[in-house]
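Participant: Read off the chains here:
There are 2 protein chains.
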Amino acid sequence: MALVVAKFGGTSLGGAERIRNVARRLISRKESGDDIVAVVSAMGDVTDELVELAREVSSDPPDREMDMLLATGEQVSIALLAMAIHDMGHEAISFTGTQVGIVTDPVHRKAKITEVKVDRVREALSTGRIVIVAGFQGATPDGQITTLGRGGSDTTAVAVAAGIGADVCEIYTDVDGVFTADPRIVPSARKIDSISYEEMLEMASSGAGVLQMRSVEFARNHGVVVHCRSSFTDSPGTIVKEADETMEQAIISGVTHDTSEAKITLRDVPDRPGVAAQVFTAMADANVNVDMIIQNVSEQETTDISFTVPKDDLGSANRALDDIVAKLGAREWSVDDSVAKVSLVGAGMRTHPGIAAQMFRTMAEVGVNIDMISTSPIRISCVVAADQVADAVRALHDVFGLGSDESGGEDEPTHGGGE
Amino acid sequence: MALVVAKFGGTSLGGAERIRNVARRLISRKESGDDIVAVVSAMGDVTDELVELAREVSSDPPDREMDMLLATGEQVSIALLAMAIHDMGHEAISFTGTQVGIVTDPVHRKAKITEVKVDRVREALSTGRIVIVAGFQGATPDGQITTLGRGGSDTTAVAVAAGIGADVCEIYTDVDGVFTADPRIVPSARKIDSISYEEMLEMASSGAGVLQMRSVEFARNHGVVVHCRSSFTDSPGTIVKEADETMEQAIISGVTHDTSEAKITLRDVPDRPGVAAQVFTAMADANVNVDMIIQNVSEQETTDISFTVPKDDLGSANRALDDIVAKLGAREWSVDDSVAKVSLVGAGMRTHPGIAAQMFRTMAEVGVNIDMISTSPIRISCVVAADQVADAVRALHDVFGLGSDESGGEDEPTHGGGE
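Chains as they are written, first to last, in our numbering: chain P, 3 to 421; chain V, 3 to 421.
No lab work stands behind these hints, which were simulated from the structure alone.
Keep in mind that this is a model prediction, so the values were computed, not measured.
Treat the hints with caution; some may be incorrect.
Only part of the chain P face toward chain V is listed, based on derived beta-carbon distances under 10 Å [said to hold, decoys possible]:
#, residue
1, Asp69
2, Met85
3, Arg122
4, Gly276
When the alpha-carbon atoms are kept at most 20 Å apart in a straight line, the in silico DMTMM-like pairs for lysine to aspartate or glutamate are as follows [stated by the list, open to error]:
#, chain 1, residue 1, chain 2, residue 2
5, V, Lys329, V, Asp287
6, V, Lys119, P, Asp144
7, P, Lys193, P, Asp400
8, P, Lys119, V, Asp273
9, V, Lys329, V, Asp273
10, P, Lys193, P, Glu244
Even for Gly, the Cβ is constructed at its ideal location relative to N, Cα and C.
Sequences and hints are given; from them, build the entire structure.
Facilitator: See below:
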């Protein structure tokens with residue numbers, strides 16, 4: 003008998019029949035002897051519809067009221083799922099974030115969980131019921147409704163799992179798990195059976211969309227084992243946990259890519275101390291999430307600064323950049339939104355030199371020009387032209403032997419990269 | 003400067019433009035110097051859509067989960083209305099029933115308000131904000147979300163008004179106020195400027211749909227002045243308050259009718275003590291709201307019992323009646339759902355004898371047969387054939403001089419009825 007938290011996203015709950023499918027899955031799990039807490043998102047497109055409603059009445063809705071509005075999405079889901087379970091003759095009880103005690107800071111629309119009170123969950127489990135908790139939402143200590151921002155339901159699930167000491171937090175999605183590359187681009191991409199938190203973090207931060215970085219961080223910090231799996235099959239997915247000797251010992255875990263960012267370049271910026279600080283303080287003040295940064299070494303009095311930001315933040319960036327260019331006396335700024343980022347992630351990089359060289363050589367061989375580079379101890383990311391990213395991903399996946407037809411995936415790239 | 007509670011129903015909030023209209027109305031009221039608390043229902047058909055969603059996942063949803071589901075309807079409304087007010091440059095803050103402190107008993111789907119905590123409302127008002135409260139919903143002392151049943155938003159408004167000691171509770175609807183009869187049937191029907199709680203209660207209970215009986219009762223018990231008015235105009239509507247000398251001194255306030263009930267007849271019921279108790283205990287146990295009851299005086303060993311129930315309760319009644327007929331050894335039972343009830347309401351009946359006689363005579367003159375009669379000190383109700391009810395209403399409205407062309411409406415019926 004295990005204590006399991008199971009999170010279902012909006013796609014899994016889109017419509018009555020899917021809700022009933024989730025109910026059946028939870029019941030069969032319960033009947034197998036497990037204690038179950040389900041964490042659910044809003045149904046299908048409900049959140050988008052609510053955002054559209056807000057847009058119709060207000061050009062700039064206050065964050066507090068957006069949270070009030072958006073929190074209804076998950077509340078509808080939990081009620082319907084509880085009803086479906088009752089209809090199948092089993093006991094379930096639903097809780098909103100406020101009710102269950104997901105306590106957050108007061109930063110509306112991107113609140114952070116500060117505490118999870120689990121007395122109600124424990125009590126309901128002890129009476130044999132399936133417990134259903136609204137994801138994505140919480141409440142401040144004085145009862146203001148907050149939402150957790152992108153990936154919030156995953157974070158709720160992990161936080162509840164940590165709070166009740168669950169054996170596993172299962173994240174049900176529309177894919178079978180975490181893959182060595184996006185299977186839509188690389189048909190031979192292979193499902194990863196288990197992966198460490200740190201590699202999963204790098205993959206999530208560099209474009210592997212299946213798990214949100216925040217929830218993986220939360221899981222790592224609280225030692226929650228996450229099982230990312232398909233809501234359409236019973237096959238095991240990908241286990242995310244502390245690195246240990248049972249894990250696959252591949253040097254490279256996967257190739258990720260991300261087309262959601264744009265590149266901004268400031269030209270002829272005076273090359274003096276403090277300039278970069280000014281630029282990126284202005285970006286931070288404008289709530290722009292800067293990812294990669296390149297400042298050219300220069301022997302002139304001016305230099306160029308390039309950086310990438312989410313395309314969604316371009317509007318905020320625009321406003322801040324005009325100010326900054328004028329203030330610094332730079333020549334101009336420009337945006338290139340036809341870029342993409344391709345990344346290699348693997349804990350083995352630490353102990354295997356030459357991976358970067360192999361990566362760059364591979365990309366050169368397929369004619370992909372590298373525009374920017376950034377690295378972490380277990381990741382190398384390159385910005386390339388958006389229309390070349392698929393070629394780059396395929397070539398790298400192949401060279402590093404990540405495909406399902408490769409047996410080891412370990413020797414070749416080491417040899418190739420270690421020269 | 004007044005302290006005003008203003009309640010807006012679903013029709014007034016059906017769509018972005020209507021929500022913005024309500025926002026404008028609240029703001030203009032606020033700018034005139036009043037402190038405003040708005041109580042709102044779910045938008046347009048939202049509640050019906052939620053009920054349909056529930057039906058799709060469950061044939062018999064648990065009441066607790068229905069409340070969880072339905073409460074989202076008002077939560078959406080309060081958020082959108084607050085956004086609309088902000089968008090117009092004014093400050094507003096929304097509260098769910100849980101947040102504001104509408105404490106109820108734990109009877110899901112028809113909870114009763116046991117306490118209204120108003121600290122939050124007062125505090126928000128003191129900072130100059132327009133306060134928006136979700137109608138229809140509350141929470142038990144341990145935080146379970148409840149709903150108040152039919153007319154719940156009106157009750158919330160009156161309860162909040164009582165709690166904060168508002169000068170008036172304005173109920174905005176799609177009609178101009180309370181009329182002497184339904185204007186769709188009687189074109190000369192006149193809007194009543196003011197009416198006592200007790201008359202309003204009788205009118206509400208006998209078919210005047212504009213205010214719910216529960217909210218009028220709550221208003222009477224707490225001395226809340228209710229102003230029932232149109233959300234489309236600025237004209238004054240009908241004031242409901244304690245009877246006083248400023249009120250119109252009409253003997254008859256209005257003629258109401260109600261086509262929502264059906265008549266059930268039990269035939270050849272053994273005429274012995276306790277039989278009626280058995281029948282109506284069974285109806286109460288089946289949650290059937292019995293309205294009028296007639297038991298014929300009989301010199302035989304058996305008698306007939308007729309009573310009216312809401313058509314909505316017929317399903318529950320059916321199941322109970324088969325049992326009862328068998329248990330009592332009655333001959334049979336039958337349902338007539340083509341009946342209607344027409345009522346005369348007026349505090350002056352107490353001191354003016356002969357109103358009933360005049361009523362029955364008038365109906366006879368227009369060929370309307372009376373099937374059942376019941377009375378209160380200030381109301382006389384008759385069950386008639388449904389297809390004759392309009393004739394009855396028009397004739398009574400005319401004879402008692404209630405129309406807008408009549409000046410007094412007092413003398414004629416007194417003379418007519420006092421013979």
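Participant: Hey, does the P/Met85 contact hint survive, CB to chain V under 10 Å?
Facilitator: Since the shortest Cβ distance to chain V is 4 Å, the answer is holds.
Participant: Hey, P/Lys193 versus P/Asp400, does the alpha-carbon distance stay inside 20 Å?
Facilitator: Judged against 20 Å, a Cα distance of about 15 Å means the pair holds.
Participant: Decide if the proposed pair is consistent with the structure: P/Lys119 and V/Asp273, CA atoms, cutoff 20 Å inclusive.
Facilitator: Violated. P/Lys119 to V/Asp273 sits at ~62 Å, over the 20 Å cutoff.
Participant: What's the verdict on V/Lys329 and V/Asp287, does the C-alpha distance respect the 20 Å limit or exceed it?
Facilitator: holds (15 Å)
Participant: Minimum Cβ distance from P/Arg122 to chain V below 10 Å?
Facilitator: Hint on P/Arg122: holds, closest Cβ of chain V at ~9 Å, below 10 Å.
Participant: Does P/Glu244 sit within 20 Å of P/Lys193, going by the straight-line distance between their CA atoms?
Facilitator: holds (18 Å)
Participant: Does the CB of P/Asp69 sit less than 10 Å away from some CB of chain V?
Facilitator: Cβ of P/Asp69 sits 8 Å from chain V, so the hint holds.
Participant: Within a Cα-Cα threshold of 20 Å, do V/Lys119 and P/Asp144 meet the stated pairing?
Facilitator: Given that 20 Å is the threshold and the Cα spacing comes to 15 Å, the pair holds.
Participant: CA of V/Lys329 to CA of V/Asp273, is that 20 Å or under?
Facilitator: It holds: about 14 Å lies between the C-alpha atoms, which stays within 20 Å.
Participant: Going by Cβ atoms only, is P/Gly276 closer than 10 Å to chain V?
Facilitator: Given a least distance of 38 Å, the restraint on P/Gly276 is violated.
The structure is inconsistent with the numbered hints 4 and 8, although it conforms to all the rest.
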